[in-house]
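Those protein sequences? They're chains A, B and C, same order as listed.
Take the first sequence: its position 478, counted from the start at 1, is 478 in the working numbering, and no numbers get skipped.
Going from the second sequence to the working numbering is simple: count from 1 and add 1000.
Going from the third sequence to the working numbering is simple: count from 1 and add 2000.
Take these hints with a grain of salt, some might be off.
To be verified - Mimicking BS3-like on lysine-lysine, the simulated pairs with C-alpha atoms at most 25 angstroms apart in a straight line are:
hint : chain 1 : residue 1 : chain 2 : residue 2
1    : C       : 2452      : C       : 2378
2    : A       : 452       : C       : 2175
3    : C       : 2167      : A       : 452
4    : C       : 2378      : C       : 2111
5    : A       : 464       : C       : 2031
6    : C       : 2560      : C       : 2452
7    : C       : 2452      : C       : 2371
8    : C       : 2371      : C       : 2560
9    : C       : 2378      : C       : 2486
Honestly, the hints are just simulated from the structure, not real lab data.
Computed from a predicted structure; not experimentally measured.
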Amino acid sequence: MNLTLLLPEIIVIVGGLAVMLRDLWLPADRKDGLWAWALAVPLIALAATFLPQLDVAARISVDGAMIVNPEATALSGSFYLDGMSMLLKRAFCVAAALVILMSREYLSELNRGQGEFWSLALFALSGMFFCASANDFMSLFVALEVVTVSFFVLVAFKRSSGTSIEAGLKLLVMGSLSAALMLYGIAFVYGASGTVFFDQVVVNGEVTRTGLRDLLATGQLVYSTELLIGVMLIFLGLGFKTSAVPLHVWVPDVYQGAPTPVTAYLSVGSKLAGFVLMLRVLEVFSRSGPMVDSLTPFLALVAAVTLFYGNLGALPQSNIKRLLGYSSIGQCGYILLGIASAWTVGISGTLFYMTAYVVTNLAAFAVVILVSRATNSHEIDDYSGLGRKNPLLAAALTVALLSLAGVPPFIGFFGKFMLIGSTFGSDELRWLGLVGMVNVVIALYYYLCVIKRIYMREERHPAKSVVPLRLKVVLAISMAALVIGGIAPQFLADKTAEIAEELQFAPRPRGGEHR
Amino acid sequence: MADITTSHYIVLSALIFAVGLFGVVTRKNTVIILMSLELMLNGTNLAFVAFSRHWGNLQGQVFTFFVIAVAAAEAAVALAIIIALNRVRKGVTLDEATELKG
Amino acid sequence: METGPLLAVVCLFMPMLSALLIAVLGGRMPKICDLIGIGTMGVSLLCAIVLGLGHATYGAQTWEFTWITMDVGWVTSEPLSWTLGITVDGLTTALLLVVTLVSFLVHLFSKGYMHGDDRYVDFYRWLGLFTFSMLGLILSDNLLTLFVFWEVMGLASYKLIGHYFFKQSAFMACKKAFMTTRVGDIGMFLALLAIYLYTDSLQFKEIFANLDMIPVGAQFWIAMGLFMGAAGKSAQFPLHIWLPDAMEGPTPVSALIHAATMVAAGVYLVGRMYTLIVLSPGALVIISIIGCFTALMAASIAFTRTDIKQVLAYSTVSQLGFMFTALGVGSNIAWKAGLFHLATHAMFKACLFLGSGSVIHGCHHLQDMTKMGGLRKKMPITAMTYLVACLAIAGFPFTAGFWSKDMILQALWAGNGHFDDVYKIIYVVLALAAAMTAAYMFRSYFLTFEGKPRDQHVHDHAHESPWTMTTGLIVLATMAIAAGYKWHDALLPNSPGGLEGVLSPIATFAKTFVIHGEGNEVAHHAHTIALYTSLTVAFGGMILAGVWYMTAFGVGLRQKMRAMIGPLYGWASGKFFIDEFVQMVFINTSIFFAELTSWIDSALLDGFVDGTGSVTMKTGAASGVADDAIVDGAVTLAGNSAWWGGALLGRFQSGRIRNYLFGAVASVALFAVVMLYIVAR
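If we strip away everything but chain A, and leave its shape as in the complex, we get (with noise of 0.2 angstroms):
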């Protein structure tokens, strides 16, 4: 047992508990002071991401056999720290750090349950970081059900408002079935194979617990229909949480209904966790060579249909909420891209552009927040003249919006760049790639859209937005990150290259030899 890996979760879980307890302490007119703890949860878990007793090689190599190291387990192998869990912690600890600043300033007006949202957010987080962890399936469901559950609550978290009750029971009745297909599919698995664990652990030269990455590659397990339908329900189970085809109808509703800075978080973290293991699964069955040839066509499928789905819902959308909504739909398309085509250029882009959508999307909802707390509305009519209202936010959304359309010089573009590219790898995979650049140059046109308004139309509110502190440091944040992102994007690219290459997705030029 291993706990010093468990640092961060432990820290996040405490810091929730005492953010609890802290608020039953309180007196009513103090509470207001309570983001401050919540918001340092996030960072001192990020600051323990970076202790050194964390940096344990993820792999170690036995008789030139690249092997999962024991000491970067723990939990008896249930908790797996590698490179990509590390860097999507820290991305959520960013995500979940800069939606606490967002959200100060709606819950003061909601004037009740402080302490509960404060802590919901962070178990929340801890449940994101078990996601990036997750090393079997009964770790992986029940750290996506923490995550779930709690986005239940917290998208319903305005009980006066109709619209976002309706929001928490659609999220629940949607997440619900999925979840329940996801099980079905892991029965399968667990039918097929005998295991719910992705790798064996080996205890002094003798393996006591076979493992399904183990099981694939020795051809012990061998390829079947049961496990490619266990194998698919579980894809599209994950699928629902980031928001893929066809369990993605949830999402425009979801956005439009939920506070604006749960949809904020939802749009990030919990899409982020859902990709996270959708990687890891795909990693373990990557192993088997013709499972990947069929679970190839079937993400390809997904990704354009997603694609397609997200970009053409967005064009007729009338409420920024909800065009955000389609949006994330279409971009988690683009990272399916990535992870059909699953070779390490794609993974690589994939992990790219997860990163990049954290800060991506967080600036445009803190902007949409910031704006329609002065226009209470979320009509993109309400954006018309917004750059001679406030320049800077428009400036920050337009930059925000850019980056989500994949224009130079904005991070975003190498994240699109990347995940496009890595599917010209395979004559198979080519089709995807021209679905992808078609998708870009529908997104522009409802991204601009929205742009041509904030600069090209009269306002129709004359009301000018007061900026926070807190939501300054948040855009300043974002903004920085996306703009030294897109000029200076080599440190993360390589890093993301870097994890890419410890994740070891079997070695396979498919479909004629790559030039």
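Take the given structure of chain A and dock chains B and C to it, following the hints.
Below, chains B and C without anything else, positioned relative to chain A:
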């Protein structure tokens, strides 16, 4: 009477799962939909336990406990949301919640 | 980073800093935005001057950084790497000097001219961004960032020309400028793509090192594509139509855009890519012919304009034609002549524009020359500087324009060994255009400043402009003479030895490029002929204008000549109906197609969608199952219209959880079936 093999359990679990799925799709009342979802989870649980016996390890059994715990948490939250919905919309059918669309 | 590139980077980012600072502070402190703009441009100008003075020490330098390197595995086995950078050589330095000087003076001039404008802050912000994009364009060491800055400049010019957007004409003008240059950009973009495909790079030095990888057939089309982009920005026939309309912008903007920056971008592009363009003699001669035609056409239109800024606008188009005519020859003298004329023209044309701005300001926003006259006594500084600039553009001996125009004619006469007869004809036509230039410029001078006041009211209220405006005039008038001396030999060398760096790969590849050395007989001969020609046309034009507009029988003479050339005058005064032609061919056609598609959209698609909708609603009332089946079916049909598809997806997103659940389950099942089918296959 022939032995009851794992296959029998799996077919039964699939049937329970299907009944739950059918309920989810066809029912209007939110509470009944939640019950149907529970039914789906229980179908899965049965499959886990059956496979656990088939493979002779306890992983499936343990998984079942986790599923039950998670389902309880889900149900608790769900009931709270349904009560809140009842307060603002005066009803518990799913058609009460159709404001967010497009 | 070495000193040269460092100075260039400071020079480049100063205007950007100005735009940012004004964006941040402008709302709170509108009073200081002019100071920010002028101050930052002053620093830029200083950097450029230091660069220019130290050019001998700095030499040609580039500074580059690798934007990103990644192992993509699909293009080549090498990691894909994008390198961006800036390059500082003689050409860059020369243009930096010109751009920063004019931009600085325009910033200063605007303080007086735009005083009291409602959107004063906005104006300075866009001025900063505009200058930034121009400097970035010049400093780019690759076509990628050059193109990006090229487009940013298009946007900034759109905002600046449309500064008075509430005026219908200004609104139309900025749209026209943006759209017309976009037409040229299509060609440029295609050329860029082709260059990248053939040479695997967009960096100048890589392109020039790999020129032999471009097939001969493609060389012509790439050169033409680049020229198309250049023609859009630099207003060559038939894409010149935006420039006269762009006079709707504030006059300082006209001075900046039409003298030193945006229109110079096209000439710069051709000058920078000269190594590639000279590969194709056919492309060269076409560039020369179009340039010459533009020069003559615009000069003849300029005679018929009575608005002082319109005269200057057509004069700009005409002078740009001179530059392209020169660049189209393809020799070392021609290269230098075109870019040298670009620099000298920037000086005297900026002076003329700012002078006209001063007149317009002094006459309370009157632009019609027929109502002016005799303003010299009221505005002595403006009149003097305008006269000097007129002399320069007319090619009066020892002014800057004299030297550069002389060199253009010399280059044309010397030719390049291909199509020399054509170049001789061009020479004659261009000499005629030069004579016309002298005549119409002095026409505008005489009408504005000399003679008797034609509108006493205007004359009584006219006044000299404040020092912020006249300073620029004096500096530019001085430069209109001084720019012809010395400096250019250092920065724009035309001796074979000095060509190292900019044009060195030319000798390897070009069949057409001719280097006329010092003792070259042809060049010497051409020089003598060009000298006599340019003296003749300059004095001829000036005397003609003097006779026409300053003597008693000039009026009658004008009437007679006008009758003599008959319909030609009418055509010229109608701007040869090129605008109407473009309107008819391009704009009406696209409006027709837009209306057609709009009709199809409203009549057919909406009807279909509405029909589907009502069917959906009826069936949906009976059961949610049919609802989704129909809409789902329709969704699959909706490949042809994105919007239509989006609206249908919206219908699928009915808001009903039960539909969602059914849809989810059905599509999961569908996915499973499709996948199993694919796998089983």
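Status of the hints after comparison with the structure:
1. As the CA atoms of residue 2452 of chain C and residue 2378 of chain C are separated by approximately 12 angstroms, the hinted pair is consistent with the 25 angstroms bound.
2. Taken as a hint, the residue 452 of chain A and residue 2175 of chain C pair is honoured in the structure, with Cα atoms around 15 angstroms apart against an allowance of 25 angstroms.
3. Note on residue 2167 of chain C and residue 452 of chain A: the hinted pairing holds, with a Cα-Cα distance of about 20 angstroms set against a maximum of 25 angstroms.
4. Distance restraint check for residue 2378 of chain C and residue 2111 of chain C: the Cα-Cα separation of roughly 22 angstroms lies within the 25 angstroms cut-off, and the hinted pair is therefore satisfied.
5. Between residue 464 of chain A and residue 2031 of chain C, the direct Cα distance comes to roughly 22 angstroms. Compliance with the 25 angstroms bound is thereby established for this hinted pair.
6. A threshold of 25 angstroms between alpha carbons decides the hint, and for residue 2560 of chain C with residue 2452 of chain C the separation of about 23 angstroms falls inside it, so the pair holds.
7. Pair hint residue 2452 of chain C plus residue 2371 of chain C holds up; C-alpha atoms about 10 angstroms apart against a cutoff of 25 angstroms.
8. Using a Cα cut-off of 25 angstroms, the hinted pair residue 2371 of chain C and residue 2560 of chain C holds, with the two alpha carbons roughly 23 angstroms apart.
9. Between residue 2378 of chain C and residue 2486 of chain C the CA atoms are separated by roughly 36 angstroms; this puts the pair beyond 25 angstroms, and the hint is violated.
When the structure is compared with the earlier hints, a violation turns up for hint 9 alone.
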